[in-house]
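Protein chains in written order, with the numbering used here: chain A, 1 to 134; chain B, 1001 to 1284; chain C, 2001 to 2138.
Think of the hints as simulated: they come from the structure by calculation, not from any bench.
This structure is a prediction, so every number in the text was calculated from the model and none was measured.
Beta carbons: idealized from backbone N, C-alpha and C, even for Gly.
Which bits of chain A does chain C cover? Going by a derived footprint, with three or more residues having C-beta under 8 angstroms, they are: (1) 6–18; (2) 106–119.
Calculated pairs, BS3-like style, for lysine-lysine (alpha carbon to alpha carbon, straight line, at most 27 angstroms): (3) B:LYS1164 <-> C:LYS2108; (4) C:LYS2068 <-> A:LYS93; (5) B:LYS1142 <-> B:LYS1086; (6) A:LYS134 <-> B:LYS1222; (7) C:LYS2108 <-> B:LYS1272; (8) A:LYS134 <-> B:LYS1193; (9) A:LYS110 <-> B:LYS1222; (10) C:LYS2108 <-> B:LYS1193; (11) B:LYS1050 <-> B:LYS1142; (12) C:LYS2108 <-> B:LYS1222.
A few chain A residues facing chain C, derived, Cβ under 7 angstroms: (13) LEU35; (14) VAL36; (15) THR39; (16) THR43; (17) SER46; (18) GLU47.
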Amino acid sequence: MTMPQSETMAIQVSADVVLVRQAVRQFAVELGFGLVDQTKIVTAASELARNTLNYGGGGTATLEMLQENGRRGLRLTFEDQGPGIPDLELALKDGYTTGGGLGMGLSGAKRLANEFAIESVVGKGTRVTIVRWK
Amino acid sequence: MMSTSKIPDILQTYEADLLTEWHQSLATTHAQKGLIKEAELKEECREFLKLLRLAVQQGNLTNLQAAEWRELRELLTSISRSRSHKGFTPSETAIFVFSFKQPLFDRLRQQLHDPTELSQEIWTATTLLDQLGLLAVEAYQKAREDVIRRQQEELMELSTPVVKLWEGILALPIIGTLDSARTQVVMESLLQKIVETGSEVAIIDITGVPTVDTLTAQHLLKTVTAARLMGADCIISGIRPQIAQTIVYLGIDLTDVITKATLADAFLMALKRVGAAITRNQAK
Amino acid sequence: MERIPILQMGDFLLVTIQVDMHDRLAMTLQDDLTNRITQTHAQGVLIDISALEIVDSFIGRILGNIAKMSRVLDAETVVVGMQPAVAITLVELGLSLTGVRTALNVEKGMALLQAALHATATSSFTATEGLSNDDAAV
Chain A
1 MTMPQSETMA IQVSADVVLV RQAVRQFAVE LGFGLVDQTK IVTAASELAR NTLNYGGGGT
61 ATLEMLQENG RRGLRLTFED QGPGIPDLEL ALKDGYTTGG GLGMGLSGAK RLANEFAIES
121 VVGKGTRVTI VRWK
Chain B
1001 MMSTSKIPDI LQTYEADLLT EWHQSLATTH AQKGLIKEAE LKEECREFLK LLRLAVQQGN
1061 LTNLQAAEWR ELRELLTSIS RSRSHKGFTP SETAIFVFSF KQPLFDRLRQ QLHDPTELSQ
1121 EIWTATTLLD QLGLLAVEAY QKAREDVIRR QQEELMELST PVVKLWEGIL ALPIIGTLDS
1181 ARTQVVMESL LQKIVETGSE VAIIDITGVP TVDTLTAQHL LKTVTAARLM GADCIISGIR
1241 PQIAQTIVYL GIDLTDVITK ATLADAFLMA LKRVGAAITR NQAK
Chain C
2001 MERIPILQMG DFLLVTIQVD MHDRLAMTLQ DDLTNRITQT HAQGVLIDIS ALEIVDSFIG
2061 RILGNIAKMS RVLDAETVVV GMQPAVAITL VELGLSLTGV RTALNVEKGM ALLQAALHAT
2121 ATSSFTATEG LSNDDAAV
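Please take these sequences and the hints and turn them into a complete structure.
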């Protein structure tokens, strides 16, 4: 079965995070990622999906297969209409020692991806995009 | 379409002379290098000439991908490969073909007196031989690339074997510089072997690693941490004095890592860790 | 509600995680384990994660919590069977799982628990505690 080139999923409940993980895994396998790379991108997706749910109040995850300059990649975009992140710099610091929460997810996902971008407006919402190349 | 070329006839009629002239011109340059025996060179020329004649006699002098050119292409590929292995340069390999132009053009000038016809035939001959020359160079390149790739694979295998030293003890002697890509492979392979063999101790020996930069040290540390997370311990052995200095100078923190100067020391420690010991037999 | 089964084996509790857990399931496991330890006076907990293909920061925290809580209840926890890809990813994530003892498989994990049971507090030789540079005592 060939995967669609892109897919958008809702993240509204805890079980949706698992579904996102599984979808990301399928896309990664289809793209021919090795096991370690698969694990990294799925773990990053898990972190970001959780943030979208717990901090963003729910939102969407969009998975896209990329083909650029002869290499293949997977782009994941997580969007919510939540409260937004007031201090991005602080949030991106390795916050795991303080007990996790938002900090861990963002900085962790950033380390596991090749490309990372985040936009957030207080009161409007947040969009995080990560890309992992084969 | 195109008037029949006179080249096939000329190759047929003057084959012996062409061979001699061509071989002579090659022999002088090739003899200097001493990389190929004269008899072998003559044989290559003779074979080339024969297959060239057979191919042009089919009438197609422009499309070298056609079936009638296959044998000549194969011969040229084989000659180029052999040249690359013998140590000839790509130019020297191409000259094998290009040097045939002179004898051929001489014959064409002798036999053809119509200027238009002569220039047409010279053009045909030159484009034909150019294509063959390029083919030779490409085959040479490919042969070189194949050698490099094979050597890289062998080196990769040779330099990152995971060895079982004892029940529960693995050793990974690393030779050469660790770049990012290689370290990933090495790391994964070691961790996989740890799971497969159920070994609780892995000795990473870096005696054969000439230099360690921050990135390499980080990779090593990551491997140690990952193994630890899985339930195995790593001992790093073979740290040379220069590397020890570099590590301190770079500010890399090795306090959580077990290190031993030699593989032997590391092995003894590992044995203790798995509950074994080596004893010497009481003699007579 | 679905829960992860907890088996009792003598003085120890054995948990095998075989599903991709969502957060609530993981938190339920944490509660269930804490209750079971108290009920059974278990001396040790063995968590088998050999089927887990993903361990993210949340699961990592849960494992850490379980270890801490068990210790408070006088039981040791050992996590066994971490897959190499998971270990590599955790390192990349920066999760160190300090305080969580690990072993390669159930057999070794059990041995660890037994040893901890019969040993004094200082002679542990688990990976995550970090060995000193002297030869490790067995």
